[in-house]
Amino acid sequence: MSLITVLILFPLAASIMVYLVRRENIRNTIVRVGAVITAGLTLVTAIAYFNDGFQLSAQGTEFIDICMMVVEVCLAVYIIVTGIKEKKYLLSLFSVAQIILILWFEFTQKEGIEVETGIILDKLSSVMILIIGVIGSLICIYAVGYMKSYHVHHTEVKERKSFFFAVLFLFLAAMFGLVLSNNLMWIYFCWEITTFCSYLLIGYTKAEEARNNSLLALTINVGGGLAFACAIVMIGMNFRTLELSNFIAMQPEALVLVPVLLLCLAALTKSAQLPFSAWLLGAMVAPTPSSALLHSATMVKAGVYLIIRLAPLLGETVVGRIITLVGAVTFLACSLIAISQRDAKKVLAYSTIANLGLIVICASVGTQESIWAAILLVIFHAVSKSLLFLSVGSIENQIGSRNVEKMDILMNVSRKLAVCMIIGISGMFLAPFGMLISKWVAMKSFIDSRNMIIVVILSYGSAATLFYWGKWIGKLVSNGQPKVDEPHGGLYKDEKVPIFIHAVIVLLSCLAYPIISKYAIVPYLESTFGISASTPIGTGDQILMVLMVVMICLLILVPLGYIPLNIRPKRRITPIYMAGENAGDNENFIAATGIKRKSEMSNWYMEGIFGNKNLMLLSNIISIVLLCIGVLLLIGRWA
Amino acid sequence: MLLAIKVILIIILTPLAGGLLAGFDRIISARLQGRKGPPLLQPFYDVLKLLQKETIEVNASHRFYVYVSLLFIVFTAIVMLLGGDILLTIFVLTLGSIFFVFGGYASQSPYSVIGAERELLQMMAYEPMVFMTAAGLYYVTNTFFIKDIISRDIPAIVYLPAIFLGFVYILTFKLRKSPFDLSVGHHAHQELVQGISTEYSGRALAAIEVTHWYESIIAMAFVYIFFAANSVISHVVALIVCLVVYLFEIIVDNSTVRVKWQMALTSAWVVSGVLGILNLAVLFFFEF
Chain E
1 MSLITVLILF PLAASIMVYL VRRENIRNTI VRVGAVITAG LTLVTAIAYF
51 NDGFQLSAQG TEFIDICMMV VEVCLAVYII VTGIKEKKYL LSLFSVAQII
101 LILWFEFTQK EGIEVETGII LDKLSSVMIL IIGVIGSLIC IYAVGYMKSY
151 HVHHTEVKER KSFFFAVLFL FLAAMFGLVL SNNLMWIYFC WEITTFCSYL
201 LIGYTKAEEA RNNSLLALTI NVGGGLAFAC AIVMIGMNFR TLELSNFIAM
251 QPEALVLVPV LLLCLAALTK SAQLPFSAWL LGAMVAPTPS SALLHSATMV
301 KAGVYLIIRL APLLGETVVG RIITLVGAVT FLACSLIAIS QRDAKKVLAY
351 STIANLGLIV ICASVGTQES IWAAILLVIF HAVSKSLLFL SVGSIENQIG
401 SRNVEKMDIL MNVSRKLAVC MIIGISGMFL APFGMLISKW VAMKSFIDSR
451 NMIIVVILSY GSAATLFYWG KWIGKLVSNG QPKVDEPHGG LYKDEKVPIF
501 IHAVIVLLSC LAYPIISKYA IVPYLESTFG ISASTPIGTG DQILMVLMVV
551 MICLLILVPL GYIPLNIRPK RRITPIYMAG ENAGDNENFI AATGIKRKSE
601 MSNWYMEGIF GNKNLMLLSN IISIVLLCIG VLLLIGRWA
Chain F
640 MLLAIKVILI IILTPLAGGL LAGFDRIISA RLQGRKGPPL LQPFYDVLKL
690 LQKETIEVNA SHRFYVYVSL LFIVFTAIVM LLGGDILLTI FVLTLGSIFF
740 VFGGYASQSP YSVIGAEREL LQMMAYEPMV FMTAAGLYYV TNTFFIKDII
790 SRDIPAIVYL PAIFLGFVYI LTFKLRKSPF DLSVGHHAHQ ELVQGISTEY
840 SGRALAAIEV THWYESIIAM AFVYIFFAAN SVISHVVALI VCLVVYLFEI
890 IVDNSTVRVK WQMALTSAWV VSGVLGILNL AVLFFFEF
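Chains E and F, in that order, are what the protein sequence lines are. Quick note on numbering: the first sequence equals residues 1 to 639 in this note's numbering. Quick note on numbering: the second sequence equals residues 640 to 927 in this note's numbering.
So here's chain F without its partners, still in its complex pose:
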């Protein structure tokens, strides 16, 4: 019963938090560009409006992939926020992301297929670091369960600073921020239009937005895990770090230009490789 309440709370509160984060993002971005920006609740207004729109689609099957994707992302959020297995979280997250990609392919539209291809490439670029993060956390804490990882005396960041840096690097992919917003753009992109989401409208597009809210919170939860320990202060610190990291991502988003896919892939792989191996090697050497 208690579990059911928790699950329901997670399902409801996660997108609320994600939506607020998106609103916060838009205000900060606007200020960085010298504009006033929309109200904080604008993302919610947008989604509500999308829900009321007429459903227009290019074929009968392609909208389902978006809903499947949403479902698995929700599943991920539940497993993760209940303190479940971090590897399982990663696997389901991948599943959710890849269904979104299939949605891009299913529309047959040149712009969404390019978007899908690029999204797949991005997944390939960030996946090694995500795995190494899980491996590093397991190495340090000897458990894959998030609730055990965050209830230790010393937070994981003490042992995994390099892996954390690497993770922040690939976070830009996950949050779909410039310079790595190759597949779907919130900003207008000539050659890409809207990438994977080009052919979606109405409810399906709303689902994509909500999926992204969930994903942002999941990404932030990864950051949180690095800093949380069994003291209350550490949880406060973890929250603050999450906000700081998000702010940092917004600034990066507004101050960089989109890179080519070659750069995105190689830089992500090199950064992950160097930081990941370095961190793991040091741990191994000192036998923590």
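One chain only, chain E, in its complex shape:
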């Protein structure tokens, strides 16, 4: 049994074990050990096959195929029945169409199509499994601590932790399968599993809202799955192949572009791009570890992974252009809407969609520089966003709210958590952190490929990004005093450790990106495009950036008091200026009739301008129109 098989099967086994063990302590240990082993396996696999890659020409895959088929049929039956029971007929319809299509293809058309290499591990898949393995495992460990607090705070939710952890591990297994498979049928199978897992995770609380949102997620993603199935059938029937690598090597002609568009549609649903982004916003009702898993390392990354794979067929083609524009609309609209959000998880959700939009743009522009940026964005976004979700989850348990406005006291409640949060946010938009490096290269590649409209959109989107992250950090540094009588929950070690490791990874990743670039991304680009590639950022600039990282690390720690720097201890502390009406402390003032009033300070949300209703509707319409134009153009080319 090869390492790859172990890598995919181990989380599966862990999942089953966790599900069967009902004793809390033993189960927690299994989760921790399982997560650590998964991360270890990922590292070992990536290192073992990193240089030469790995291809598995499996013989006798009929057994696997049959197993998958059985599972798929069971899933379809479950989904169809659920759809009818919950009166979501569209869901049932999608699922029926999908399973009939796949079964028909399997039994009548698939004869004679040989899949030579079922599994390919190249540089891109190595990067992906590292993200999934490391970040995913950390999230699993975090979940152990988080769920303890969660059920203390949410007594109305029935405890189903075994189920929850089991689904987390199942998710990891499916993601490993997805990024390692070269056989389209296998990718499709894993694709469906992730869809189903996300449905289970979102619906964890079984509350009305959770059930509706989980069904919405299922409907949209099964719709995407239908597009995927259509693409498989078309590829299989027209080209007699089911290998992704063979398909990508083809020339971008009309007959190829139709399945490419279908695959991209599936990817857009998975990556929650407009007009399919509603499910991701709804997914926020789930417990935070599952949001972290869905939004950072796994689910949404599956979609962009597929688009990055398809990049050689996009670029200048009709499909490429349309997908780029859809990504651009998504990026701009969601960056703007994020300004108007107060709920921390909502801000994170909109920022996720926006950043995925950016990745979609980069991948579909399809030049080697832009794909360089896309892959780095995938890495940095996964790390920073996961850190942010985990921190927000713990903050919610600590201060009892996930409203950004309430986070001004965090510095005095849990300083470490606040620092991690600031590191995570900085990672999303400030120099010299990863996301900004990627944006830098993205900008360059857009101008080089003459996508001027995208350049303009990137400028505006980045400005909006700056605003909503900036005001959030502003709240975190504002030193509010917590009310003394308010009880604050504790922070379990299971939460603390993953958060700190994440923070360290965020800091390290901005030092390590030249290495990642040199040894993983550049070789991948060279093998995909067949030309020599290089890191788009010059060495001089890299040195400057490293200098900045060091500066920032030192400088952030100084004001927070970690490094005492009292050159002149003689300072006089005075109350703040309140127009001379101070009431003795820094929070209250003497108001008109001589009463003491608290000065309330709020961030700006500018709902009049950036409120989500109109903006969302408008951008949904634009993106739907864009997709329709794409379809029409393609039909025009074909006819």
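Because the hints were derived from the structure by calculation, they are not lab data. Fair warning: this is a prediction, and the values are worked out from it, not measured in the lab. No residue lacks a Cβ here, since even glycine has one placed at the ideal position from N, Cα and C. Where hints are given, some of them may not hold.
[Claimed, not checked] Now the stretches of chain E that chain F is said to cover, found in silico as 3 or more residues with beta-carbon under 8 Å:
hint: 1; stretch: 458 to 466
hint: 2; stretch: 473 to 481
hint: 3; stretch: 573 to 582
Since the structure of chain E is already known, use the hints to place chain F on it.
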């Protein structure tokens, strides 16, 4: 070694030039208002006096943000004046500006928090145009390195007149001039007091002043880049244009009233959008 000398010279000379510019600004403003105005070196006297004052602060952490901000602005000036990467310059400049904003938040004072919020809004307002400026320069010259941009045969302004106009528009934000001096005011503002700088005094306030000198020179350097080419005359022209633009900003400062934030944001975004897209579209169309 040579690099070290250059860096030291930049660190010393930039604030001197910025301070002189500020003194010049105050004299011209005074004349526009029918006053005689202070001596040219008044800004330096002010800063020297601030340095000698007792340090009074509202909490232990908030002064650090100002120094961090100063540090990054100095870093920006070094990268920029050594002819480095223009995008890197912009990113570090943003970093410096945003630390100043955090300083406003950290004081917890209502006036500085309002100032911080407004400063953030202003950053959002001018940032797109700054990006588009970099994009336009790269489009025309095929390099992000300032030393290469200013050593071409034809200055960039020939290709980027609209983007230059847009940049002058947002320059008013960067120089903290009316009508866009929403966050920090040199003039008395009732509802804002001194904005972000309300709670700073003594050395920290001096640091803010010096930061602003650096920032003025950095802003002027952007103007310079548009006009400089490989001939000596173009560099002279660029210098003159910088002074003219600064004079223009002073006149605007003295002849307009502060606008509401809605106006500041929308006007900046519309002007940037129209001029930026127009310019880039024309370039793209004629395939320069």
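Check: Are there hints from earlier that the structure breaks, and if so, what are their numbers?
Finding: Nothing - there is no hint that the structure violates, so all of them hold.
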